[in-house]
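Student: Chains U and E are the protein sequences, given in the same order.
The end of the first sequence is residue 1101 by our numbering, with every number in the run present.
The end of the second sequence is residue 140 by our numbering, with every number in the run present.
To be clear, the hints were calculated from the coordinates, so they are not data collected in a lab.
Don't take each hint at face value.
[Said to hold, decoys possible] Restricting the straight-line Cα-Cα distance to at most 25 angstroms, the calculated cross-link-like pairs of lysine-lysine (BS3-like) are: (1) U:K1048 <-> U:K1036; (2) U:K1088 <-> E:K77; (3) E:K69 <-> U:K1088; (4) E:K63 <-> U:K1088; (5) U:K1036 <-> U:K1088; (6) E:K42 <-> E:K63; (7) U:K1036 <-> U:K1055; (8) U:K1088 <-> U:K1055; (9) E:K69 <-> E:K42; (10) E:K69 <-> U:K1036.
[Stated by the list, open to error] Derived contacts from chain E toward chain U, CB cut-off under 7 angstroms, selection only: (11) M28; (12) P68; (13) F72; (14) D84; (15) P86.
[Said to hold, decoys possible] To be clear about the criterion: a stretch of chain E counts as covered by chain U if any three or more of its residues have a C-beta under 8 angstroms from a C-beta of chain U, and this derived list gives those stretches: (16) 96-105; (17) 129-135.
Glycine is no exception: its CB is placed at the ideal position from the N, C-alpha and C atoms.
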Amino acid sequence: AQSVTQPDIHITVSEGASLELRCNYSYGATPYLFWYVQSPGQGLQLLLKYFSGDTLVQGIKGFEAEFKRSQSSFNLRKPSVHWSDAAEYFCAVVSYSSASKIIFGSGTRLSIRP
Amino acid sequence: DAMVIQNPRYQVTQFGKPVTLSCSQTLNHNVMYWYQQKSSQAPKLLFHYYDKDFNNEADTPDNFQSRRPNTSFCFLDIRSPGLGDAAMYLCATTLDPEGSYNEQFFGPGTRLTVL
């Protein structure tokens, strides 16, 4: 069955340090992938998306993600985190059974150490 | 700014007392979704409207109903809330032109408390 896996439930990094959040997917064809961020008590905001083309995708707030088909991964990176980046991050993929639906990973909670 | 609006942001209801949550959008998107999100979990899709067509998820309890009177508005009705229905409810929209894919735009959510 189609799925998205975020192996890290909770990550803590120091402010100014680099960040990488992992995402692996299972999908039979070319996936359509997203990263969303959710601040406490808020809705989800799209950080970036990959549909096709360049495998390195730039997003908002200084985030980027790299699509690696050979590893079935779509990891999110940021070179230097800010305290305001503390939030929950969700990786997601468009469902192949219904293009109107997306399948979310379980999320990674990011904490920032001052 | 075009956006997805949810009202109220916080709703408290009593066990078994019907409650309605509201979502409106100014994006003119043809697809609207309702998700339930419990603490530290991913959003769980309850149902969605593709234009006027209602699509229920197989595991959505009958206690949850939805209405979409027009393109801009969508309502979530919980007929008899139980303690297990306490959660954040997220509304989302997308423009779903045939043969393409688009991201979903989320509202800020309604936090439901059941006493």
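Student: Could you run down the list of hints and mark each one as holding or not?
Tutor: Do the hints match the structure? See the list:
no.: 1; hint: U:K1048 <-> U:K1036; verdict: 14 angstroms, holds
no.: 2; hint: U:K1088 <-> E:K77; verdict: 16 angstroms, holds
no.: 3; hint: E:K69 <-> U:K1088; verdict: 11 angstroms, holds
no.: 4; hint: E:K63 <-> U:K1088; verdict: 19 angstroms, holds
no.: 5; hint: U:K1036 <-> U:K1088; verdict: 15 angstroms, holds
no.: 6; hint: E:K42 <-> E:K63; verdict: 20 angstroms, holds
no.: 7; hint: U:K1036 <-> U:K1055; verdict: 14 angstroms, holds
no.: 8; hint: U:K1088 <-> U:K1055; verdict: 23 angstroms, holds
no.: 9; hint: E:K69 <-> E:K42; verdict: 23 angstroms, holds
no.: 10; hint: E:K69 <-> U:K1036; verdict: 20 angstroms, holds
no.: 11; hint: M28; verdict: 10 angstroms, violated
no.: 12; hint: P68; verdict: 6 angstroms, holds
no.: 13; hint: F72; verdict: 11 angstroms, violated
no.: 14; hint: D84; verdict: 14 angstroms, violated
no.: 15; hint: P86; verdict: 19 angstroms, violated
no.: 16; hint: 96-105; verdict: violated (count 0)
no.: 17; hint: 129-135; verdict: holds (count 6)
Of the hints listed earlier, those the structure fails to meet are numbers 11, 13, 14, 15 and 16, in rising order.
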